[in-house]
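Student: As a plain string of letters, each chain reads:
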Amino acid sequence: MSEQTAIFRLNHVTKLFQTKNSTVRAVDDVSFDIRQGEIFGIIGMSGAGKSTLVRMLNRLEEATDGEVIFDGKNLGNLSNKQLRTIRMSMAMIFQSFNLLMQKTVLANVMLPMKIAHVPHKEQKERALQMLKVVGLEDKASAWPAQLSGGQRQRVAIARALAMNPKVLLCDEATSSLDPKITEEILALLKDINQKLNLTIVIITHEMSVVEKICDRVAIISDGKLAEIGEVKEVFTSPKTEAARHLILPVEKELNLFDTTDRRCIRIVFDGRAASDPLIANLVADTGVKVNILCADTKTVGGVGFGQMIVELPKDEDAANLVINYIKEKGVNFHEIERKGDKI
Amino acid sequence: MTSQLWVLIGNGVLETLQMTVSATILAYLIGLPIGIALVVTAKEHILQNRIVNLVLGVLMNIFRSIPFLILLVVLIPFTRFVTGSSIGTTATIVPLTVGAIPIVARMVESSLKEVPSGIVEAAQSMGASPISIIFRFIIPEAMPSLLLGATINLATVLGYSAMAGCIGGGGLGAIALNYGYYRYQQDILFITVAILIIIVQVFQESGTLLANKKRHS
Chain V
65 MSEQTAIFRL NHVTKLFQTK NSTVRAVDDV SFDIRQGEIF GIIGMSGAGK STLVRMLNRL
125 EEATDGEVIF DGKNLGNLSN KQLRTIRMSM AMIFQSFNLL MQKTVLANVM LPMKIAHVPH
185 KEQKERALQM LKVVGLEDKA SAWPAQLSGG QRQRVAIARA LAMNPKVLLC DEATSSLDPK
245 ITEEILALLK DINQKLNLTI VIITHEMSVV EKICDRVAII SDGKLAEIGE VKEVFTSPKT
305 EAARHLILPV EKELNLFDTT DRRCIRIVFD GRAASDPLIA NLVADTGVKV NILCADTKTV
365 GGVGFGQMIV ELPKDEDAAN LVINYIKEKG VNFHEIERKG DKI
Chain F
124 MTSQLWVLIG NGVLETLQMT VSATILAYLI GLPIGIALVV TAKEHILQNR IVNLVLGVLM
184 NIFRSIPFLI LLVVLIPFTR FVTGSSIGTT ATIVPLTVGA IPIVARMVES SLKEVPSGIV
244 EAAQSMGASP ISIIFRFIIP EAMPSLLLGA TINLATVLGY SAMAGCIGGG GLGAIALNYG
304 YYRYQQDILF ITVAILIIIV QVFQESGTLL ANKKRHS
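Protein sequence lines correspond, in order, to chains V and F. Take the working numbering: the last position of the first sequence gets the number 407, and nothing is skipped along the way. Take the working numbering: the last position of the second sequence gets the number 340, and nothing is skipped along the way.
There could be a bad hint or two in this list.
Stated by the list, open to error - Selected chain V positions facing chain F (in silico; Cβ < 10 Å):
no., residue
1, S160
2, Q166
3, L175
4, W207
5, S212
6, R223
7, L233
8, I329
Rather than coming from a laboratory, the hints here were simulated on the basis of the structure. Beta carbons: idealized from backbone N, C-alpha and C, even for Gly.
All chains should be built: construct the whole structure from the sequences, respecting the hints.
Tutor: Below, the structure written as structure tokens:
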């Protein structure tokens, strides 16, 4: 993996916001690379600093400290004019689409090229071509107000692609869309990523978005980088509390059951392990009965995953027997940590 | 009423329209850039500049708080300097313009502020320069609102032009004052007022129509 070139390199990036009474560390000493051609997810709870972070990738937000390197250039050292030129190669789409409502769909898609002084005829040709890519060639003369949310985001994507950018930054681009439309937009992004070899950076608070299309993910918590890695890896064996919290929102719901004094484990099955009846075998082989609190399946990076939360017996020996059995089978699991009397 | 009086009123209408439209256009030539400047130099905006914003804001407030009748009198030397006279239609355009500038500037400011900040952010992310952001993003998006504002300003200037009749301005205001008030010719007073009402109606309706035609959301 190390031979892959980094399109973005963040070195100890920090952003402080000065409020009346205190200093807020919105982004706190974050360092990572985003590789050429990948779909990179940045996930965190709202207020974690991920929106500030993505705005530092195109310097809409100035870094207080540290450096953001894009395509070998340190963004902080660029003049305003150089910055504007480089921004033309890094497009951005938004949660609220940010289309011009008083311009037609076609005029919206032509805008970035107008700014870049592309000849008018070429602007129109390329805009129509981009509308075709997003499947809206018949809406060229429509007004944004006549379109649905999903269609508006498609227009925004067409507009973003118009200048043939090197990266596409998506700031909560699907957060205002319903699940079905979200899937369609994500499929479109994946398609664009593969066809155009376009690097895509996705900011989201929804793990499902990351699971569906991202190659790698960075988990941001309180402005800090909590965890980074392949999505599959982070999903199957999250190392930090922040990661577990995002992957397993069900843990909160476990409080519905009174499990305060009992131990619970989360078992993750990948495609291979899912074919064996683990729990049935466990009960048959060890004679220990376990209680299944919840179970579901997900598709992560095209591979099916199942996860199950199992309550261990109160008896220490029996519990250890179960844990050893699962360990022996080579199935991925971890014990769910508790905070106070909560899981 | 004699045909002579009708000619007088006809001329009055033309003079009024001439004063109103010229003064409004001139006021926009100066007020529009000031309105734009008030928006873009505001905090967190593309050309943030505290001093320019403060100076312009205070200036506009000062001019706006002077009653128009007082402004008319105060500006007499300036008007004489610019047009060579302080009475008549052309001379009236000067105080009308000066009086309208702060109103235009504030109206433009509030129209431009309606444009969502996300539009500006999108423009910046595309690599647009401040000039591009203003003329290709903010103004087109604010156009329907700007047109409505212009309609209101036109009607305001029309009202001011009638006031200017008091100190030797021409137009319907002077006719209403001279014939209707000083000579007690109430029919002329009513006719001029009726015509003023019709002009305002026409301005307002066509402005609203145009703005709605331009509005797509």
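Student: Work down the list of hints and note, for each, if the structure agrees.
Tutor: Outcome of the hint check:
no. : hint : in the structure
1   : S160 : 5 Å, holds
2   : Q166 : 5 Å, holds
3   : L175 : 7 Å, holds
4   : W207 : 4 Å, holds
5   : S212 : 14 Å, violated
6   : R223 : 8 Å, holds
7   : L233 : 8 Å, holds
8   : I329 : 45 Å, violated
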